[in-house]
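K.L.:
Now for the letters of each chain:
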Amino acid sequence: MSPFDATMIRRSPIRADLQLIADMVEPGSRVLDVGCGDGQLLDVLMHDREAVGRGIELSQAGVNACVSHGLSVVQGDADTDLKDYPSHAFDYVILSQTLQATRSPKVVLQHMVRIGRRAVVSFPNFGHWRVRLALLTQGRMPSSKALPDWWFETANIHLCTIRDFLLLCADLGITVERALALDNSGQDKRIASPRLANLLGEHGLFVLSKERGGAG
Amino acid sequence: MATTVDDTRRHGNLHRHADSESGTCVELGAARPLKLDCGVELGPFRMAYRTYGDLNRDRSNAILVCHALTGDQHPADPPHTSRRGWWELMIGSGKPLDTDRYFIICANVLGGCLGSEGPREINPETGEPWGLDFPVITISDMVRAQAMLLDHLGIDQLFCVIGGSMGAMQVLQFASSYPERTFAAVPIAGAARHSAQNIAFHEVGRQAIMADPDWCGGDYLRQDRVPRRGLAVARMAAHVTYLSEAALHRKFGRRLQDRPSVTYGFDADFQVESYLRHQGSTFVDRFDANSYLYITRAMDYFDLAAEHDGVLARAFADTPVRFCVISFTSDWLFPTSESRAVVHALNAVAADVSFVEIESDKGHDAFLLDEPEFFAVLRGFLRGCAEHRGLPS
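Chains as they are written, first to last, in the working numbering: chain A, 1 to 216; chain B, 1001 to 1393.
Hints are not guaranteed to be accurate.
Partial list, derived from the structure: chain B residues whose beta carbon lies under 7 Å from chain A [claimed, not checked]:
(1) Thr1024
(2) Leu1069
(3) Tyr1178
(4) Pro1179
(5) His1249
(6) Gly1253
(7) Asp1352
(8) Ser1354
(9) Phe1355
(10) Val1356
(11) Glu1357
(12) Glu1371
(13) Pro1372
(14) Ala1376
(15) Val1377
What the hints contain is simulated information worked out from the structure, not anything from laboratory work. Keep in mind it's a predicted model, so treat the numbers as computed, not measured. Even for Gly, the Cβ is constructed at its ideal location relative to N, Cα and C.
Start from the sequences, fold in the hints, and give me the full structure.
P.N.:
Written as structure tokens, this is what we have:
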């Protein structure tokens, strides 16, 4: 059975971090939501921001829930399917809480800034002080609200810290337009310093873009 | 039916000839013939079709249903028969293709044998059945004929074009050839080209028909014979491809047919044999052998990418059409990988596409059966499209 309740999507308040992302999207934009789950964000984007929304979702139950609600979603995999999309096809490409579960986060990021004018990425921050302290004091892989599963059952195969992520972006020539540190409820903690954000943010949320090369 | 055609021809009353067996029959292409891919110009030619529900004032609520290889123009409520329509579950009041909301059109394909121009109909030039003189037609020809029917009905743009199997091929071709003429497209259990394996199965069927002495080199109608055995064998082989191993096992297992033990002979000892023989013999009563040859050939020739330098995405460049591609997990005739290839091509042009694989163990035929998740997805997709199209809910 589908774990998604058919009546759940429309018009119910969505996760705070998703609302934060929705607020960042300019009205009328073309948006690709990678790993769109049951379509909560897409639904808000399409109805409240008048966006043209598309989704990719790995789980069939999620896809079926989305399509049953009239959302344009395909069953697919961020790792294998982003290469199909043409460059500059969307204003925003969104990857919420999924980057750490991809096989090739670097390739996924490169595709995102290629396909979209902007990319929006969020992930749990492995540099948060509680994570650091847990590793230091217990000597075990940390388990927390942001990272609830044990190492042997987690889908998160490429965890990183906010600092790691920023370094990768610099490596790839990706511009970080906005960087937010979020708490576990998805609220912006309003921390300006990247060093403090890496210590105090449970999650990181970033708006990225890349200068178009001549080949674009 | 041949009599009906004959009468119609004789009375010269071809325009909108009502005939309960074929639905409505219309003559098209009298002024401008249909240019077939094989080079022949066909016209005038007949199209038999059926409609359900009412066309709204804006003419914006029409759905074209494209039938599969052996389907017909009566997906629901067929005349003179106890059989249910092949999409009875799909079409009707309150059903996914809701006749209270939509105007449903279904036409017998060109090359078919239920009233549309095909090898069984009378060649006006000779007064005899076309037989193998009928030109070889393609999926693209079928779709051009459908578009001419829409012209005749005064419908500029469909709300949706939908179909399964060969119907899905027509849907893809229609969306590619006439992107401005449909708002949405739903190819179900289909492919953008016929695979080598599928061509192989069709060839087995055709060879069975042609090996039957009663086929008479395709001239059986004039010689008053019917290649029953050949057509039945073709159907039996094809029917297996529409099912799945799991479905066959669940339905029949190794159970014996009305006997306590095997008979050490070649009677239908097993239930599955008896079932296939029944499928074969009932099929012969409703289908024309030459039509089977022509339509399977049309499917074999189908390769949507071929007419676009082998790049499928180019078939959909800048398409405004909203697609919903649907496949079934146990369909090995048109497996999910074929639907996924279509989705990848649509993604490559950033088309508006939904893609759903439905969990089912019923094989290719699942698209004709009661699959609640399939229906839920389709309802949702159509509701979303209707919202965007501004159709009243």
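K.L.:
Checking against the hints above, which ones are violated?
P.N.:
Of the numbered hints given earlier, those the structure breaks are 1, 2, 3, 4, 5, 6, 12, 13, listed in rising order.
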